[in-house]
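Chain order of the listed sequences is A and B. Numbering follows our numbering, with no gaps: position 293 of the first sequence is 748. Numbering follows our numbering, with no gaps: position 47 of the second sequence is 502.
Accuracy of the hints is not assured; some may be wrong.
The list cannot tell twin chains apart, which means a pair is met if one copy fits it or any two copies do.
[Claimed, not checked] Below are the DSSO-like pairs computed for lysine-lysine, each with C-alpha atoms no more than 27 Å apart in a straight line:
(1) Lys495 with Lys869
(2) Lys637 with Lys615
(3) Lys810 with Lys643
(4) Lys574 with Lys643
(5) Lys797 with Lys643
(6) Lys611 with Lys637
(7) Lys615 with Lys643
(8) Lys839 with Lys785
(9) Lys550 with Lys839
(10) Lys785 with Lys550
(11) Lys878 with Lys615
(12) Lys684 with Lys637
(13) Lys637 with Lys785
(14) Lys611 with Lys574
(15) Lys797 with Lys611
(16) Lys810 with Lys839
Hints are computed from structural coordinates only; laboratory data are not their basis.
There are 2 protein chains.
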Amino acid sequence: MVDIATRVHNHNWKIDPIVRSLIDTDFYKLLMCQSVFRNKPETTVTFSLINRSTSVRLADLIDEGELREQLDHVRSLSLSRGESTWLRGNMFYGKRQMFRPDFMEWFEALRLPPYHLEKRDGQYELTFEGSWPEVMLWEIPALAVLMELRSRAVLKGMGKFELQVLYARAMTRLWEKIERLKGLETLKIADFGTRRRHSFLWQDWCVQAMQEGLGQTFIGTSNCRIAMKRDIEAIGTNAHELPMVYSALAESDAELAQAPYQVLADWHEEHDGNLRIILPDTYGTEGFLRNAPDWLTTWTGIRIDSGDPAQGAETAIRWWKARGEDPTQKLVIFSDGLDVEKIEELHRQFHGRVKVSFGWGTMLTNDFRGLAGDRLAPFSLVCKAVSANGRPTVKLSDNPNKAMGPPAEIARYKRVFGVGEQKAVEVVV
Amino acid sequence: MVDIATRVHNHNWKIDPIVRSLIDTDFYKLLMCQSVFRNKPETTVTFSLINRSTSVRLADLIDEGELREQLDHVRSLSLSRGESTWLRGNMFYGKRQMFRPDFMEWFEALRLPPYHLEKRDGQYELTFEGSWPEVMLWEIPALAVLMELRSRAVLKGMGKFELQVLYARAMTRLWEKIERLKGLETLKIADFGTRRRHSFLWQDWCVQAMQEGLGQTFIGTSNCRIAMKRDIEAIGTNAHELPMVYSALAESDAELAQAPYQVLADWHEEHDGNLRIILPDTYGTEGFLRNAPDWLTTWTGIRIDSGDPAQGAETAIRWWKARGEDPTQKLVIFSDGLDVEKIEELHRQFHGRVKVSFGWGTMLTNDFRGLAGDRLAPFSLVCKAVSANGRPTVKLSDNPNKAMGPPAEIARYKRVFGVGEQKAVEVVV
Numbered sequence: 456m457v458d459i460a461t462r463v464h465n466h467n468w469k470i471d472p473i474v475r476s477l478i479d480t481d482f483y484k485l486l487m488c489q490s491v492f493r494n495k496p497e498t499t500v501t502f503s504l505i506n507r508s509t510s511v512r513l514a515d516l517i518d519e520g521e522l523r524e525q526l527d528h529v530r531s532l533s534l535s536r537g538e539s540t541w542l543r544g545n546m547f548y549g550k551r552q553m554f555r556p557d558f559m560e561w562f563e564a565l566r567l568p569p570y571h572l573e574k575r576d577g578q579y580e581l582t583f584e585g586s587w588p589e590v591m592l593w594e595i596p597a598l599a600v601l602m603e604l605r606s607r608a609v610l611k612g613m614g615k616f617e618l619q620v621l622y623a624r625a626m627t628r629l630w631e632k633i634e635r636l637k638g639l640e641t642l643k644i645a646d647f648g649t650r651r652r653h654s655f656l657w658q659d660w661c662v663q664a665m666q667e668g669l670g671q672t673f674i675g676t677s678n679c680r681i682a683m684k685r686d687i688e689a690i691g692t693n694a695h696e697l698p699m700v701y702s703a704l705a706e707s708d709a710e711l712a713q714a715p716y717q718v719l720a721d722w723h724e725e726h727d728g729n730l731r732i733i734l735p736d737t738y739g740t741e742g743f744l745r746n747a748p749d750w751l752t753t754w755t756g757i758r759i760d761s762g763d764p765a766q767g768a769e770t771a772i773r774w775w776k777a778r779g780e781d782p783t784q785k786l787v788i789f790s791d792g793l794d795v796e797k798i799e800e801l802h803r804q805f806h807g808r809v810k811v812s813f814g815w816g817t818m819l820t821n822d823f824r825g826l827a828g829d830r831l832a833p834f835s836l837v838c839k840a841v842s843a844n845g846r847p848t849v850k851l852s853d854n855p856n857k858a859m860g861p862p863a864e865i866a867r868y869k870r871v872f873g874v875g876e877q878k879a880v881e882v883v884v
Numbered sequence: 456m457v458d459i460a461t462r463v464h465n466h467n468w469k470i471d472p473i474v475r476s477l478i479d480t481d482f483y484k485l486l487m488c489q490s491v492f493r494n495k496p497e498t499t500v501t502f503s504l505i506n507r508s509t510s511v512r513l514a515d516l517i518d519e520g521e522l523r524e525q526l527d528h529v530r531s532l533s534l535s536r537g538e539s540t541w542l543r544g545n546m547f548y549g550k551r552q553m554f555r556p557d558f559m560e561w562f563e564a565l566r567l568p569p570y571h572l573e574k575r576d577g578q579y580e581l582t583f584e585g586s587w588p589e590v591m592l593w594e595i596p597a598l599a600v601l602m603e604l605r606s607r608a609v610l611k612g613m614g615k616f617e618l619q620v621l622y623a624r625a626m627t628r629l630w631e632k633i634e635r636l637k638g639l640e641t642l643k644i645a646d647f648g649t650r651r652r653h654s655f656l657w658q659d660w661c662v663q664a665m666q667e668g669l670g671q672t673f674i675g676t677s678n679c680r681i682a683m684k685r686d687i688e689a690i691g692t693n694a695h696e697l698p699m700v701y702s703a704l705a706e707s708d709a710e711l712a713q714a715p716y717q718v719l720a721d722w723h724e725e726h727d728g729n730l731r732i733i734l735p736d737t738y739g740t741e742g743f744l745r746n747a748p749d750w751l752t753t754w755t756g757i758r759i760d761s762g763d764p765a766q767g768a769e770t771a772i773r774w775w776k777a778r779g780e781d782p783t784q785k786l787v788i789f790s791d792g793l794d795v796e797k798i799e800e801l802h803r804q805f806h807g808r809v810k811v812s813f814g815w816g817t818m819l820t821n822d823f824r825g826l827a828g829d830r831l832a833p834f835s836l837v838c839k840a841v842s843a844n845g846r847p848t849v850k851l852s853d854n855p856n857k858a859m860g861p862p863a864e865i866a867r868y869k870r871v872f873g874v875g876e877q878k879a880v881e882v883v884v
C-alpha cells in the first residue's frame, strides 16, 4: 500500500532539511550556553568555519544556493514544546533541573542570529557574529550542514542500488567495529559524532546499532535530539571555547594565566559529578595541571582531546598521584581521533588504572573511507570562536597542528602558559 | 507518518506467505506444463522432495505446522486476472501467444493438488502425486517454501540491527560479484535462482541489483512473477523431467533409447529460436549427441547442467563441427553450480567460439555462506519426478553424484544409453 499522504508531504518539501531541531546539537553546547548566559551574557564573539582539509574544495562541491537554504532553515528553527519539556524535565547524570528556568525561557524564545557567507579559493568563508550565547549555538548545525551537503553532493550521481550497497558497506563496517568492541569488558563508550557526521539519518542509525550491539556498554550520545528520540542519556561537559573566550577577554598576562581556571571556577559552582571534567589541553596540559589550584584535583576526571592520548592520561595519573588523589577513582575520557584500534589499545593500557570512557566521534558516524573512492572520506572541518569583544582568540592544544590564532598572540600565550616543545600529530578528522 | 492501514493489514496476516502467486515459479515449468498438457495429459506422476545435504536436518529446524500452513497457502492460490493477462499478452523471445488459449483456460482454473508430508530421520518426506501437468507445478513452490522457512528459522533469533547488517553483508557481497561481472564484455546472464533462493524478497532485490548494475548484460529472470513485476524478460526452456518421464513410460529398451529424442520432437513442433535448446545430459551427453537425429543439429543451442561444464561445451562444439554446423552461430547456456569465478573462466574460454549465456542460480540468490556461521549457507534440495504411471524414473546426468533411481534401473539405462565411466563432481547446491 502506498501511503499517499506521506508521499505528497515528501514531495512538497521546499528542501530536505539537514538540521530539523535546535537540539540536534551537542549536549555540552547547551550546558556551556547556560554557563555563558549566566556569567558572560554581554560578550560579543565571532565564530568562523575552518576547513583544515584544504584539498576538499567545499565551494566547488556544494552549491551556494543549497547551502544558504539549509542555513536559512536553521535560522527558522525554534525549540518545540516537546523539546523544551524534555530539557526541563530530564534527569541528566542523576540531576533534575539541569537547566534553570531563566535559561529555558531565553532558549524557548531563541532564533539563531544571521550568518555571513562568502566564497574564496574554492572554500566557503562562513562566519557568525553577535552575542556569545546565541552565536555559539551555530557551531554544530553549521558543521553538520556542510558535512551533509558534501555527502549529498557526492551521492547525487549514484544509482539506487549503488546507494544501497554503499550504505550496506558502511553498515557492515560499523557492525564489525561494534563486534570488536563487544570483546572489551568494562568498556564505556558514547557517541560524540554529531558535528562531522555523514548525515543525520546515518548518525541515528549508528546510535541504534551501538544500542543493540553494545547494550549497557554504550552509555549515550552527545546529540540531544537523538538522545530524546531514542530515549538514551545525553552526554557531555565543556569545550575549548570557554577558556579561549575567557582568555581573549583577559586584560593582562596575569589575568590570562588565570583565565582557564576562572572558567572552571564558574563551572564548579554550577555542576558536580560527571560534569566536573577538566579539559586541560587548551594551552598545554603539562602547564595547566602544574599550575592548577588544589580544588581542581577533587574533580571527577579529565578529558584528553589532543596530543598523544596515552601520554596525556599518564600525565593526569601522575598529577593525581602527586596531589594525593587515587587515580582508580578518577575518570579519563578519551575523545580525540578515536577508532577501534586506538580504543582497544587505550582500554588495554588504562583499564583498571583509572575509570576509562570514550567519546567516539567521526570514525563512528562518518567512516565512509574508500566507499566511493575517497570522495566520502571524512575531513577536518571545525567551527571555532575566533574573536571575543574584538580580540583574537588563541588555542594551542597539545598538538601544534591544532593551534589557532595570530602568530604574535600564539607566542604570547606560549610564554604566559610556559608551553615548551610540542610533538606534532597529524590531524585527520 | 505511520500508515495505520498498512500496519493493521500486516498484523492481520494469518501467516506471512512465502509463495504469493502461482507464477512465482520458473518460466520453463509453464512451457513444459503446456507441452505435457498437450502431449501427455493422462500421465500420473509422483514428485518427491530430496535433500541431498543430509547434515541440514530440515525437520529439526522447521516447524511442521508452519510448513503445512505455507503449503496449504500455496494450494489456495489461483492465477490472478493480471497474471493471466500478462501470460496471454506477453511477447516471449519475440513470439506472441506463447501460451495457447486451451492451456490458459486450464491454468486459470487450476489449484495445486494435495501434498503428502511426513517426518523421518530429521527430514521431511514431502511428496505430490497426481496428474503430471498439475503435480509438476509443485516443484518450485515446494522448494522455495522449504528454503525460506529454513532461512526464517535461522533469522528468528537475531536482533533488528544484526539482521540489517546480515543483509548489508549479503548485499555488499552480491554487489562485488556484479562489479566483477561488469568487466566481462559481451556477457549475457540471467537469474535462475528461484528454487533455492534465500527468500522471495531477497531474490527480488538481487534481480533489481543485477538490472541496475549490469544493464543490458542482464537478460532476464526465470521467475515469471518477478519478470512481470520488474518488467523484464522471462527466461527458460526445458528440463530433465521431460526425458525422465517419457523414458519411464517407454514400453521397451528400443522405445527407451528413443524417448529423449521423442521429447524434443514434440518440443520441436511447438517452439523455435531460443526455445530450441537441447538439454543433453539426462542419460549422458556423449551418447545423446552421438545418436541424435540430424534435425537436432539445427537447434539453437545446448544447455550444460552437469559434469565438467568446459568439457560439456567442448563436446557440443565438436559435435556441431562434425555435423557441419558453425559453432559460432550456436548458443551454449551454462547453468550448473555457477559463481563468479566459474562464470569468468567459462566466458574467457568460450567467448567468441560460441554464443555464451549463463543461468546463475543459487550463488546469485542465496549466497549467505559464512554470514550467520554456516547456518544460512545454501544446500542441495531438489524436488524431482520419481515415478510415472507407477514406474520409477531414472536420471544419470554427467555426474554420478546427481544420478537418481533404483540401482537395477540405473544399470539398465546405462546399458541402453551406452554410458561408460563418469567423473564424479561434488554437488554443493
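These are the hints, each one checked on the structure:
1. Lys495 with Lys869: within (25 Å within a copy, 97 Å between copies)
2. Lys637 with Lys615: Answer is between: at 17 Å across copies they meet the 27 Å cutoff, but 33 Å inside does not.
3. Lys810 with Lys643: within (9 Å within a copy, 60 Å between copies)
4. Lys574 with Lys643: neither (42 Å within a copy, 49 Å between copies)
5. Lys797 with Lys643: Classified as within: same-chain Cα gap 14 Å, cross-chain 47 Å, threshold 27 Å.
6. Lys611 with Lys637: Between copies only: 22 Å across, 35 Å inside.
7. Lys615 with Lys643: between (37 Å within a copy, 22 Å between copies)
8. Lys839 with Lys785: Cα proximity of Lys839 and Lys785: none, with 29 Å in one copy and 70 Å across.
9. Lys550 with Lys839: neither (30 Å within a copy, 69 Å between copies)
10. Lys785 with Lys550: Intra 20 Å, inter 80 Å, cutoff 27 Å: intra-copy only.
11. Lys878 with Lys615: So Lys878 and Lys615 fail the 27 Å test inside a copy (46 Å) and across (45 Å) alike.
12. Lys684 with Lys637: Intra 24 Å, inter 42 Å, cutoff 27 Å: intra-copy only.
13. Lys637 with Lys785: within (24 Å within a copy, 57 Å between copies)
14. Lys611 with Lys574: within (22 Å within a copy, 54 Å between copies)
15. Lys797 with Lys611: Classified as neither: same-chain Cα gap 33 Å, cross-chain 35 Å, threshold 27 Å.
16. Lys810 with Lys839: neither (30 Å within a copy, 64 Å between copies)
Hints 4, 8, 9, 11, 15 and 16, counting from the list given before, are not met by this structure.
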